Each structure stands twice: as C-alpha cells, then as structure tokens.
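When you get a sec, could you build the whole thing from the sequences and use the hints?
Protein chains in written order, with the working numbering: chain R, 1 to 390; chain W, 391 to 849.
Check the hints yourself; a few may be wrong.
Said to hold, decoys possible - Covered by chain R, according to a simulated footprint, are these stretches of chain W (three or more residues, beta-carbon under 8 Å): (1) 510–522; (2) 579–588; (3) 694–700; (4) 788–795.
Hints listed in this document are in silico derivations from the structure and should not be mistaken for laboratory results.
Everything numeric in this text was worked out from a predicted model, so none of it was measured.
Cβ atoms here follow ideal geometry from the backbone N, Cα and C, with glycine treated the same way.
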Amino acid sequence: MAAEANAQTSAQAVRRPIAETLRTVFGPLVQLLLFVIGSAIALSLLVILLSLVQLGARPDLLTRTLTILPQVLIDGLVRGFLFSTIALGYTMVYGVLEFINFAHGEIFMVGGVTGAAVGLFLASVGLLEGMNPLFFVLLVVLIGMIVSGTLAVTVERIAYRPLRGAPRLVPLISAIGVSLVLQDVVRLIMTNSPLGFNARYQSPDFGPPIRLFEMTLGDRPVPIIISPKALVFITAAVIMLIVLNYLVNATRLGKAIRATAQDMSTASLMGINVNRIITLTFLIGGALGGAAGALFGLNVGTVNPYMGFIPGLKAFTAAVLGGIGNITGAMVGGLVLGFLEAFVASYLSLFTNGALSGAAYADIAAFSILILILIFRPSGLLGESTTQKV
Amino acid sequence: MATMSPPTNLWEQVKATLSRGPTGYSFLGLYAAICTWLLLTNPRTSLNTDIAFALFLLLLLLIYRSQVALGFKVVLGGLMLFVVLPIFGTLNPFYIDVATQAGIFVALALGLNVVVGFAGLLDLGYVAFFAVGAYLWGIMSTEQMTLMNPAWSPVPPIMFYPFILLGLIVGATFGVLLGLPVLRLRGDYLAIVTLGFGEVIRVLANNLDRPINITNGSQGIRGIERPPLIFADFVRNTLGLNLDDQQLYQQFFYFAVLLIVMLTVVVVSRLKHSRIGRAWEAIREDETAAIAQGIPLVRTKLLAFAVGASFAGAMGVIFASKQLFINPPTFDLIRSINILAMVILGGMGSIPGVMLGAVLVTMLDLQILPRLATVLRDLQRAGAPIPAAFDPTQYQRLFFGLLLILMMIFRPTGILPDERRKEELVEDQVVDLPLDDGEVDSGEPPPPTQAPPGSGPIA
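Right under this line is the structure:
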C-alpha cells in the first residue's frame, strides 16, 4: 500500500460523503434482496403451477404444496446464506489469483469442527449451561474465524505460493491435495480426541422454536416456525456480508484488493504490496468460511471431517452462477442456488409421488445448474464477459 | 527409481557398465534368474515375498531403462510377464491378483494420461466412465435385467467379449456427451464440472433403484457373470496343468489385462506421435497459439476426452467381471484422485512414467499400506506413542493428498518425465530463460521446479 506518511492527508482528500459510502455498501445488498425475493416468488409460482397441473389426479396436492412452502423458503434462505458465505472465499481468491482454491470447503469444515471443540471444552469445564447463547455464538464465530483464517493463510504459504506463475493445472492439483490432506488430518485428530468422527455440537439452550405466524389452510391451522439457531445463522451471515461489502468497496484496503484483482503487476507498480494483499484475501476468505462453518455446525448439531466437501463444491457452483470474481455475484449465486436446492429437495418427491428422493437429486440439480450456466452464460448472472488473457 | 539418485561419478559409471554391453546382458540375465528363483521358492504371502515381488517389478523397469538390444529386452520382459509371473500366480493367488489390479489401473492411467497428460485437460471425474462400463456389464449380465423388465433376460456370459468393445463405445459416447458442453471452458472450470459429473454418476448409481430398479442402489450388483472358460480343456489336457476354476479365472484375467495393456500402450504411443497427438500437445501448451495454427479446438479436445473415456469404459467391463460385485462407493471421488495421482507421480504425458506410477500407487494401496499398518500395530503393542485409531489403510486421502502436493512443489514433471517436455527444459537452460512464461510478476524467486533434481543425466 501507499506510503504510510501520506495516508492521513490522502484519506481526507478522498473521503467520500456518507451517502455515497452507504450506497456502495448497501447497493449490492439491495440487489441481493431483489434476487432473493425474485427467485423466491418465481420458484413458489412454479411449484404452485405444477401442483395446479396435477390437481385433477391428486386433489390434495395444492394444499400440501402450500403447507410446506414457507418452511421450504426458510430452508432455502439458510442454505443460500451458507453457500453465499463459502462462495465469497472462492470468489475473492479467484478474483485476485485466477485460481480455484479447492481446499476452501475444508477451511469451512475446520471452522465447524473448531466450534464443536469449543462447545465440548466449555461443556467439560461446566460453563456451557449458564452461558448466554448470543455470547456463545460470538465466541465460536470468533474462534472459528481465527483458526480458519490462519489455516487458509498457512495453506497459501506452504502449498500455493511456491507454485505461483506455474502452469494453471499445477496449483489446482496442489489444492486438491491440500483438500484431501486436511480432511484426513482433521479426521485423525477428531477420532483420537473426545470429539469422535461425528462430533456433537454442544451449545447452550437457544429456547423453543419461534412461531412466526399461523396459516389456516383447509381445516387446521399450520404454524410457521423458525428455529432460533437458523435465525442466528441468517442474521450473522447478513452482518458478515455487510461488513465485507464495506471492507471491499469503501476502504483503502478494499481498493488495494480490487486493484490487485484487476491487474496484479500494475497494482504492484502503484505501490501495493501484492503478496500482502493475497495473504489478506486468503485471511478474509478463510475467516468468512470459518465463521460459516461454526454457525452451520451449530445449526445442524453435528460436524464431521467430510462435511465441507459437498458444500464447498456447491459454493463453487454458486460463485460461478453469480459470476466468479464478483463479490455481489457470489452472494446472489449462493442464495439462488440455495432456493433451488431447497425446492428440489422438498418438492421432487411430492410431485413424483415419492418415486424420486428429493434429497439425493438436489445434488444432481446443483451440478446440472453448474453445467447449464457454463454452457449458456459462462460469465454468470452478474459477471461481465471476459476475454481470455494471452 | 534409478533416476532419483544424484548423478555422482561412480554411480554414472556403474550405471553405464550395467546398462549396455556384455556386462549389461549378464547383469540382467542374472538378476532375472535370481528374481525367478526368489519368487518360485517363496510362494507364501510374507514380507520376503513382498520384497521379491518388488525386485521383480524393478527388474521390468531396469529392462526398460537399459540399453541392451531391443530383441533381448522383449524376450526377457516377455518371459518374465508371460511365463514367470503366471507360474508364480498358480503358487500364490494374491500376487497375481495384485498384478491384474495393477494392470487394470495401468490401462486406466494411460487413458487418463491422454486427457490430462497429452491434452492438458484436468478430468476429476474419470472414474465415472469406468463406472459406466462396469455397470453396463453388471446390469446386462445379471438378474437386474429381469428386475427392470420381466420380459428381458440376462445376456449369456460369452457376450463378455463383444461387451468389452461395447464398453469402449459407450465410454466414448459418454465422454463426448459430457465433453460437448464443457470443453469450451477453460481448464479449471473443466476440472470442477468433471468432478460434479463424477458425483452425479455415483449419486445416480446410488438412487436408480426407484422407480425402476436399474442399478440396485446402494446394495450394489452381485453375482456378475464371468466369461465361460473355453480354454479350460486346453490348459488341463494339452498343457497338463491341474488348475481349478478359480485359478484358471485368475490366469485368464491376468492374461486378458496384460494383452489389453499392451494394446493400449501401442495405441497410446501411436496416438502420441501422430498428428492428433501433436495437436493435443499444442493445445496443452498454448490454446490461443494452437487456434492460430488452425487446430480445431473443440473437436481435438473432444477426441482426447472420448479416447480417454473409451479406455475407462472397456476396463470397467473387465473390472466388473473380475470383481463379481460392484457398488457405488467403488467409484467415488477418491478413486478418480487415485488414478490422477498415478499419472502425476509417473509424469504427465510420459507413457512409461504413467505405467510406473500406476504400478507404484497400486502397490502402495494393496501392499505397502497394509504392511505399514501391521508394523504400526506391532509398534503400538510395544508401547510406541502411536494413536490407536491410526490405520494407514484408512488414510488413503492423507497419503495421496501429500503425494499430490509434494509432487507439484518439487517435481511436477514426475518420476520419469516426458521426453518432449524434457527437451523443452534443456533448450530453456541453454538460452537461459525461465521455463514458465512468468505471466504474473509477483516478485517471487522462480519456482524450484525448473531444474528437477533428476534432470542431470539428460545432457
């Protein structure tokens, strides 16, 4: 970055009005909100339409469709924010290095395992019972961020930096190796500690599920509930996205990151320490992944060493869906993919009368979307088309 | 692994003496005789036999690397592979099974090498094509046919032979089907899409037992047919060997795989030096320049994909028939990574290298890791501080992951690098330019990969 002596004066010289800062920070969030509402409405209309088509054969289908709809939407939001927070790590690293950090799913997993370990430790010293749930969330997120961020930076230092400038496949293969090694090292640690392979994520009591409202469909009222943990997850994810947006779009550090992503050699000529920016990118992406892991593990209740692999792949799909290298795109892609998956998982078996299991085919849906996107719009939903660098 | 040693003077002299001239012939002949004697007198599965078996494999490598007359190499190598190993196999069924398994993976690795090594397309879902071939024979030859439709019945076992060909065709078809949409993408996208495809095939195999039972889901398919032993009478009466059916099947699959591997090597090396092979190499080195030279990009890539996939499809048929049982976890991601590790360990693009890599990785999987596990267990019993839950055979990911990272950092060209890539390296050293086109000037010293420690003997 520029000489520190000038920092004070130049920061004042380029200080932007608050309104503009707010716009750069919240603009992407408004876009995100529009996409969320849009995809939720579009998918809801689609399933309602599908149930109306089949109405003649199965009269109760419409009621059943409507009964589970709000729950599916909430599930979609949770999945969506999960993919978004992981996809940010992929997209930031890709933006700067044009390199798929294959091991990012494992960074997420390490965050989850760390959270479970913290829970176990607190339970073993007897502090867990009386702890304020929000304080507990803050604690696991913070520790998860530190551990995962440090791990991401270490991995970059050991396995990626020596390969910078090598042909593209070389760092990618190394990243696959890192992913496998992390899975098995964590497994080794977990199976030799009180955690065990499938570790229970202990947490203080978050209270009963929150009743949002009641729908009256047919003869009986259907309560719409959201678990407090899911609510915490969604809130925390939104806060993280806002902070990241501020960091990238409204600070000098963010400017340096964007400059490095645009043109690394020119950025280094402008006095930006490219290596430091790359380290910081891995740190931020890793910390986000770790926080997502800690929160997601809390939400699900168990963690295991292989839990990061499939979400990692899907988050990559989300990053591509939104336009890889584009931060808002990663969030949008994650949410759209989350909704799609939640709908497929819940409605596929309903519409095929139980012939196809939705949970299994949700994975196939995600990868089919990846292939379709890459065929028809390789630059993603929000990406600009790029020309190949020679 | 003679090339790994530092090229000291004494070593060079010994190598030169032993690899050509009368000393070379007598050395190889003597070594072969000792190996044969060791193998045939140690028929039990033990550490000693493991060592003898490893020496036997080293002999094959030495025969290949030595500079004796080609005829001598062929005769000695053929004698070892076609006579000594099968006879040893009648004494000990385990090692011939290892050899067959290694052969299957050699053929698979050679197929993946066409995609990754020649054309430079990273395929992380290669095992999907293998699964397609295996399920093709698994479904068609068993009761699954009747389960799908009561009017259908399984094909007779003799159809195994045409099905190898059919597996080839079906594999190639799937390769083209997957390749058509995704081959316009840049290399790293391709890696993820193929990985996703591999997962899709596995999930499908796992779930296609409803609404119609096609794959029998997670229970897998049992009782897959083997081809009838049409040569049993010949072996028993004419050759006078008294072998039971089990042994005959082992011999049959060993010879079948050996022949297919030889055929594959011929096809792949002819392809490599053909016009298409050079086009693949051009694409691998620089896509934009290759297009400028008039190479049809998508068609050429598609061909690489189809060729690689067709080998996997054909081997899948043989694998299913040999194993008698297949289920979805047989074809998970770690198997793809396994094959990729073979290609990378041996040297991307180098045919002998990939074969060596496949044999080494299979040995690691089937012999070295289980052996290590027993050693660790003994040590643990003796009181060494080794975690109780650590069983090396269960930590394949760790070993293969480390292998991939270390190879990429220290020797990305592999153990036996490709000749043409080596030439590039030498040329670069003469004109004193870095090997890689330093697209990114990050102020780092050039990666240590430019002068692999074993590249000394080239000059």
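A quick look at each hint next to the structure:
{"no.": "1", "hint": "510–522", "result": "holds (count 3)"}
{"no.": "2", "hint": "579–588", "result": "holds (count 7)"}
{"no.": "3", "hint": "694–700", "result": "violated (count 0)"}
{"no.": "4", "hint": "788–795", "result": "holds (count 7)"}
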